[in-house]
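K.L.:
Letter by letter, the sequence shown follows residues 1 to 559 of UniProt numbering.
It is worth saying that the hints were derived from the structure and are not from the lab. Incorrect hints may appear among the rest.
What the hints assert, rightly or not - Straight-line Cα separation of at most 20 Å, EDC-like style, residue types lysine to aspartate or glutamate; simulated pairs:
1) Lys346 to Glu258
2) Lys176 to Glu258
3) Lys493 to Asp179
4) Lys102 to Asp179
5) Lys500 to Glu488
6) Lys349 to Asp179
7) Lys448 to Asp179
8) Lys72 to Glu258
9) Lys102 to Glu230
10) Lys349 to Glu230
11) Lys72 to Asp179
12) Lys345 to Glu489
13) Lys345 to Glu488
14) Lys349 to Glu489
15) Lys278 to Asp179
16) Lys406 to Asp179
17) Lys278 to Glu489
18) Lys72 to Glu489
19) Lys346 to Glu230
20) Lys257 to Asp179
21) Lys102 to Glu258
22) Lys406 to Glu489
23) Lys345 to Asp179
24) Lys176 to Glu488
25) Lys500 to Glu489
26) Lys370 to Glu488
All values derive from a computational prediction rather than experimental measurement.
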Amino acid sequence: PETGFLSQTSTSLLKKNFSFQLFWHGQVVMTTKIPGIPLSRKLCYAIGGMPYQMTANAKGFFMQIFLLDVVKMGAFSASVILFLGRAWDAITDPLIGYAVSKSGRTRIGKLIPWIVFTMPLGVLSYVMLWYTPQDTMSSGFSFGWYFTWCCLFDTFMSCYHVPYSSLNMFLGGNQKDRDSATGYRMGMEVFATLAGAAIQGQIVGVHHAKRTHVCSLQNDTEGPSANHTESRAYLTGALVLGMLYFLCCLVLFLGVKEQLAPLSKLDRINVTYLTGMKMVVGHTPYVRLVFGFLFASLAFQMAQGNFALFCTHAANMGAYFQHLVLILLTSATISIPMWQTLLVKKGKKTTIFIGLSVYIPALIVISLVKSNLPIFIIMSMVAGTSLAALYLLPWSMLPDVVDDFKVKNPSCQDLEPLFYSCYVFFNKFGGGMSVGVSTLVLHFVGYKPGACKHNPKVIYSLRVLFAPVPICLLLISLIIFRFYPINEERRQKIQDALRKAGYVFLSVFIQLSHVTLMHSTEFKKDNGTEANAHIKKSLLFFFFWSVTTTSFIQGSHAS
């Protein structure tokens, strides 16, 4: 205080919200507090994640039955499209992540341009994916048409979603703020799944119910032919979701600005792509988190992809399918705050065990009960609660893994897009595997596209694919999460290490500034008015430069 230096710095830096006081000759001349993430920015960021979940869940619930019963494509061709399309989607994610890391920074940021400029192409390709060019198409033409648009849409969506996922690390604020932003994001994404399934389901559900009613009046196995109205219903749903895709991207662009530190080196990468990838996949906590997430995602997407066919052909609930999906996703949306609260109280590792375990009894009951709507509604609500945990927990745990990597590899820069792109890669790979394998199994057991009734092998296969297989995958996921090394104690140590790194930088810089001023010519003069004013201005300048830089470093390290 006597020499005009900073006070309360070392203790405040270890708090979640930084507060600084500048003393000049024993008197406080200024107090400043580093702001967190504003609520408006959190909401705009969360809304920006809705397009991916809306379109992905519409595809997950309806693409298989659309290709089989509307396009009348063979089960083998449909399985190839669903599997290779998701495999292509998965492969593009790490490549897009690398391209994002190598791209230059613009006036609107480095990640935002990728999101904004690929959005129109993503909307167009999504609409064309649900467009039926002809009432009757040859098998070769229909395969080429839907496979091409599937790959194009997945590519453009990767260009949107990979930068968006990485944007979480550059919102500003501290670890608590970023966890809060993740909670908002997951809440909006679960709401997006609800909106996507509701819009697509209610538009298409009317025609699906009519088809089920016609089938119930027929004694043979031949189903009614898909008419132009049913095809147009799928296209209408795609147009509505495409418009929401555009609006969500617009909100993200207007409401979120990248918070980049001058020393974060986001404009260049210090390691090659292969070297960076090797370091990422060699990080043990990341590998265990990814594989736990992979098997859990496989389980959920296996059940999701077969839910429509299971309800229609195995459970005699086809007329209520779209309503059950709506109930399931509504339950998931409502459950997000509950899991967020439990996460804070019990920790992330404990919460994910509880959340994933709830899904198992729901699958068992649904697979054993037939034509019982109240039981289906209750179990759909339970399954939706578990689905919310899958949405929230893995994405909340990923920033902890990235922070752990930064503590152990402080010299590595700009690997966040690789972490997030590989994470999305395994999620999409799991989705492709689950839907592709399911449809291929139906091909081998004799599934007939558009038929009202199927042989017992098909019914049995649908039951096995809906419950026993996902349960086994979920148990494998829980075993992997059992050995996940980052618990709450270790997570706190990681955050302390990052805060101390920021404190050391600020302390060193302030001391260097002090030494420089002490040896300046004007400082050696008598304490005249001009000299004192010059020193005071210099200290204030260095102080604010240090505070700003440190807050950005803290923001880029915490999540």
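K.L.:
With reference to the structure, classify each hint as holding or not holding.
P.N.:
Verification of the supplied hints:
1. Lys346 to Glu258: 32 Å, violated
2. Lys176 to Glu258: Distance of about 18 Å is within 20 Å: holds.
3. Lys493 to Asp179: 17 Å, holds
4. Lys102 to Asp179: Answer violated: Lys102 to Asp179 is near 27 Å, above 20 Å.
5. Lys500 to Glu488: 18 Å, holds
6. Lys349 to Asp179: Holds, because 15 Å separates the two Cα atoms, which is no more than 20 Å.
7. Lys448 to Asp179: 48 Å, violated
8. Lys72 to Glu258: 46 Å, violated
9. Lys102 to Glu230: Judged against 20 Å, a Cα distance of about 45 Å means the pair is violated.
10. Lys349 to Glu230: The given pair, whose Cα atoms are some 45 Å apart, is violated under the 20 Å limit.
11. Lys72 to Asp179: 45 Å, violated
12. Lys345 to Glu489: 13 Å, holds
13. Lys345 to Glu488: Holds: Lys345 and Glu488 sit about 10 Å apart, inside 20 Å.
14. Lys349 to Glu489: Distance ~11 Å between Lys349 and Glu489 Cα, so the pair holds.
15. Lys278 to Asp179: Roughly 28 Å between the alpha carbons, so the hint for Lys278 and Asp179 is violated.
16. Lys406 to Asp179: Roughly 18 Å between the alpha carbons, so the hint for Lys406 and Asp179 holds.
17. Lys278 to Glu489: 28 Å, violated
18. Lys72 to Glu489: 55 Å, violated
19. Lys346 to Glu230: 48 Å, violated
20. Lys257 to Asp179: 18 Å, holds
21. Lys102 to Glu258: 17 Å, holds
22. Lys406 to Glu489: 17 Å, holds
23. Lys345 to Asp179: Holds: Lys345 and Asp179 sit about 14 Å apart, inside 20 Å.
24. Lys176 to Glu488: This hinted pair holds, its Cα atoms lying about 14 Å apart.
25. Lys500 to Glu489: Measuring from Cα to Cα gives roughly 17 Å; hence the hint holds.
26. Lys370 to Glu488: 43 Å, violated
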